[in-house]
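Those sequence lines, one after another, are chains A and B.
Take the first sequence: its letters are residues 1 to 445, numbered as in our numbering.
Take the second sequence: its letters are residues 1 to 249, numbered as in our numbering.
Treat the hints loosely; a few may be bogus.
Said to hold, decoys possible - In silico EDC-like pairs for lysine to aspartate or glutamate, Cα to Cα no more than 20 angstroms straight-line: (1) A:282 / A:186; (2) B:52 / A:383; (3) B:150 / B:101; (4) B:52 / A:390; (5) B:52 / B:26; (6) A:282 / A:192.
Derived by calculation from the structure, the hints in this document are not laboratory data.
Predicted model, so just to flag it, every value in this text is computed and none were measured.
In case you want the letters, here they are:
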Amino acid sequence: MTLLTGWGRTAPTPARLSRPRSVEEAAALLRAATGRGAVARGLGRSYGDAAQNSGGVVLDCTALTSSWAHDPATGLVTASAGMSLHDLMTELLPRGWFVPVTPGTRHVTVGGAVAADVHGKNHHVDSSFGAHVRSLTLLTADGTLRALTPDDELFWATVGGMGLTGVVVEATFACVPVETSRMWVDVERTRDLDETLEVMTATDDRYRYTVAWIDLLARGGRMGRSVLTRGDHARRDELPVRMRRDPLAFAPRPRLAAPPWVPGGLLNRATVGAFNATWYGKAPAARRGLVQGIAPFFHPLDGVAHWNRMYGSRGFVQYQFVVPFGAEETLRRVVERLSNAGVVSFLTVLKRFGRGTPGMLSFPMPGWTLALDIPVGQRGLAEMLTVFDEWVAAAGGRLYLAKDSRMPASMMAGTYPRLDEWRAIRDRADPEGVFRSDLARRLCL
Amino acid sequence: MKNALGSVDTVLLLGGRSEIGLAIVERLVRAGARRVMLAARGGTAPVDRLRKLGAEVHLADFDAARPETHAALIEDAATRLGDLDVVIPAFGVLGRQAVYDADPVAAARDVAVNFGGHVSIGLAAARRLREQGHGTLVVLSSVAGVRVRKANFVYGSAKAGLDGFAQGLADSLHGSGARVVVVRPGFVIGRMTEGMSPAPMSVTVDTVADAVIDGLRSGRRTVWVPARLRPVFAVMRVLPQAVWRRLPR
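Could you put together the complete structure from these sequences and hints?
The following block contains the structure:
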């Protein structure tokens, strides 16, 4: 048995962890799974318990990397599910292509990107990962392989289905052509939350990629002050001359690694407050046309390997919710409450979502999404998040399953209106209930 | 499943009318537990309060003195509740030593409940927790068992046995994902001790329940209530027998 946690390093549970090297091996492991069931795991970037299965089998799918192919005529990429977006970028960028969607880390697998229907800074124009998938191959509980397309209901139960319909073993998705591996970025500071929302509403659509980082520790008149980072892939002629020789270079390396043992409490009000003030202060009031690499623009945290250790041994929770446009008041109340309570959230990110996918358990919907990182152990945290749950549910919003590690089952049932439809399809694909995870148990999926 | 902030979904209380047991369950429900089973003799227990708090409450017939039924009860609980997150055997009898002196059969019967019943239900629960890879067994021991006194040595010896059993079980579950929390309260003012004059450092049912919740959160293995009984008993344990024997109660 191996103790597993998600990226937030909370609530560890033991499982029999196997690393199949082929689809056949994975099928054999599924057939041998006992009553506690099995679930696939990729690079372990879900924050909560989505890829944990207490007392059961967990399939580490990171060795399912046997094949990938790219068709430059159509831009379609077919990749084994264990391949990471990092590996894909390394292959694709020199050829002048980029993945359709990347979350805040490129260390996720293709299978995980499908199962969580991940989103990125381009959600407001490009939707989530599932919107770009043309077909996928699913290993179901009976050990058979099913080829699925967006015309199949099982396809949309699998996109965002958190691995509970089967093991995604391959996916074909559309990539985007790029001239360079650099980003052309505008940075802008806002004074408070109102201005942040205003600027984003008015001008987000001019950019393919946008995000706002909020300084949650700023209070009073500066509450909700933010740094907006927005941009697009740079064209070749936008690069400084010295970069034009090798415009598609891509070789990011983590420069730092957090040590295995970090004392709890390192990220506290004082340190995070100082960081926030510096971060906000060093951002230019308005700067146009900054040229940035893919890694610092999309994946700043990947620069520190094992950055999740910085929260100490008790770990941290991510709270990411979406509320529809029109529910700005809910957003404001949450930010106000957090700001007044002095809650330490190291990275608070606000983003506008565009259209969702037909994924039945897919998270994004048109509206505002706010993501918080909060160290475990702050007094009153559980109660405060319970209050937020009520506000979010009342506003017609919901929480992101790939981040969740604490919502009650009632919140899930009340905020994912297509849950029963999803269950019916899942039950047909997996009548014996082979696919199980701690998340599924906790949320009574 | 226990979530990232320590709240649980399911609770099984054995001795479903126990004051301490119900106080612990109520706290767990307030913190988010949604499915509860109260197991008691005759299958009756107070459910209203817990239901009002939003819990789905199941009832089961449970007799601590019939160990042959215990494994089936645990299975039934798991079927109705799902994975068992917290299991609390809170049944017990506190008889008077003078009565036991006169009625050895009654003494043996109570020891069978206070020790034997906990052994069979504890082992049955442990098997389930080990299989599911998570969950906590709360064992309500007592300082009476830390060093047995002449004033209640039948009760005390059963608690001593239970405490030893719980320690061993905790070690055997180490690494399985499941755990045991051993609770050692001093004199608890409540229904069970009605009519008795409280000992020094006595505590209320609520204090014990709060301490148990703390213990569940913190991951501690032994919980003394109040906490200062721990150093007190470090001394008590090494008092010369001649002194210990003369203690008034």
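- Query: Going through the earlier hints one by one, which of them does the structure break, listed in rising order?
  - Reply: Failing hints: none at all.
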